[in-house]
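Novice: Residue numbering for the sequence shown follows this note's numbering, starting at 1 and increasing by one per position.
Simulated from the structure, these hints should not be mistaken for laboratory data. Just so you know, not all the hints are guaranteed correct.
[What the hints assert, rightly or not] DMTMM-like mimics (lysine to aspartate or glutamate), calculated; alpha carbons at most 20 Å apart, straight line: (1) K219 to E177; (2) K155 to E138; (3) K282 to D135; (4) K92 to E177; (5) K122 to D143; (6) K328 to E315; (7) K326 to D314; (8) K92 to D128; (9) K155 to E177; (10) K347 to E334; (11) K92 to E136.
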Amino acid sequence: MGSMWMMRQVSIRVAASTNSLLLSNSIITSQFPISFAFSSFYPKSQYLISLVSSSHRHSLSTTAASSSSSSSSSHFGDVEEIEVSKNGFNSKTLLKGLTYSEFENWVQLQGYRPGQALMLWKRLYGNDIWAHHIDELEGLNKDFKKMLSENAEFKAFSLKEILTASDGTKKILFTLEDGQVIETVVIPCDRGRTTVCVSSQVGCAMNCQFCYTGRMGLKRHLTAAEIVEQAVFARRLLTSEVGSITNVVFMGMGEPLHNIDNVIKAADIMVHDQGLHFSPRKVTVSTSGLVPQLRRFLHESNCALAVSLNATTDEVRNWIMPINRKYKLGFLLETLREELRFKNNYKVLFEYVMLSGVNDRLDKPICFSTLFDSDILFISCFQLSRNAVAPLYFIHYKNICGSFALDLT
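Throw the hints in and build the complete structure from the sequences for me.
Specialist: Following this line, the structure appears as structure tokens:
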């Protein structure tokens, strides 16, 4: 998955029709709840699906679309040895790479009480502090702070640059300890919502044809600490500005489920009720369709899932998304049907990037209501930035609506 821009969203009502030309009913049926997302580019504009035009935006080159809260605690004096996330350069423990139970155990292994662990946890993730330096830990005793300075690391990376677009969207570049650079995007949305789009890998191995990050290849997985720190930094950044981070999407650099261990751990940290306290429904993990990992994610996490679909035949999807050659579309969708039978009131978001002449069929309308046995489906249009590496033309959302007989609401 590449970095995704969700600058603006609109709802689209699907017009009634008996035709289902692009999306094949023989492949897909709606035996599970869904929502649908179109992503699109306009060939003559730097910013696509633009609801508000601007000629002075920064060129923020990115790419295309691509667990439940843990509050368990161990009793003081009954501590197990745990494997913890370490800084590769100084062997200190990366605190933001620990779930709360691991965090509490680690503090106890240093000889301190669970209450002190909770106090420190809240200073890292709550109470409007979001500390990233030992000097910001007010209210902790000297001995505890000394232990932390000797054994703990608070920051997983350093800030490289922040670019701000005219609509307030921020692209944040971070330099990791090994010199690699990742990006995070903070996106102001409507109705007071602000979304942070986090990366899960340096580069990506999926090689989706529309994706800039995929051209890099996979450099390495991000640690849980490096993922969590992106959300913490975004929250901290917005404390001095209007608004607050309300949503997290794993739609930045990398395929999240390719790094499933660290992604599930990071999501677990984000939704903990004593920390960042995001609702699991507000934390969305997007995947190109790694079926075994997708199945595991649905078993181990209550966070939301998005599937980057982008085609409805194996022939087209094999070319757009090479992962489909291993996990065919029918297998992917059947797995979702099977797994969602055991998850109540759980919705999967399908993402669809409209590629001119590839998967659009602009000459005839698409009827999603026939396809998914639903009278009305709501489609979120995501604005993406164009990149010079992917030699594909994307379609303006107005062209989609007009050509597919879709009705904006």
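Novice: Each hint needs a verdict: does it hold in this structure or not?
Specialist: Quick rundown of the hints versus the structure:
Restraint check for K219 and E177: the C-alpha separation of about 14 Å stays at or below 20 Å, so the hint holds. The straight-line distance between the Cα atoms of K155 and E138 is roughly 17 Å, inside the 20 Å bound, and the hint therefore holds. Between K282 and D135, the direct Cα distance comes to roughly 32 Å. Violation of the 20 Å bound is thereby established for this hinted pair. Taken as a hint, the K92 and E177 pair is honoured in the structure, with Cα atoms around 13 Å apart against an allowance of 20 Å.
With a CA separation close to 19 Å, the supplied pair K122 and D143 stays within the 20 Å bound. At roughly 10 Å between alpha-carbon atoms, K328 and E315 fall within 20 Å of each other, so this suggested pair holds. A threshold of 20 Å between alpha carbons decides the hint, and for K326 with D314 the separation of about 11 Å falls inside it, so the pair holds. This hinted pair does not check out: K92 and D128 have alpha carbons roughly 25 Å apart, beyond 20 Å.
Of the supplied pair hints, the one linking K155 and E177 holds, its CA atoms being roughly 10 Å apart against a limit of 20 Å. For the hint linking K347 to E334, the alpha-carbon distance of about 15 Å falls within 20 Å, and the restraint holds. With a CA separation close to 18 Å, the supplied pair K92 and E136 stays within the 20 Å bound.
Checked against the numbered hints listed earlier, the structure breaks hints 3 and 8; every other hint is satisfied.
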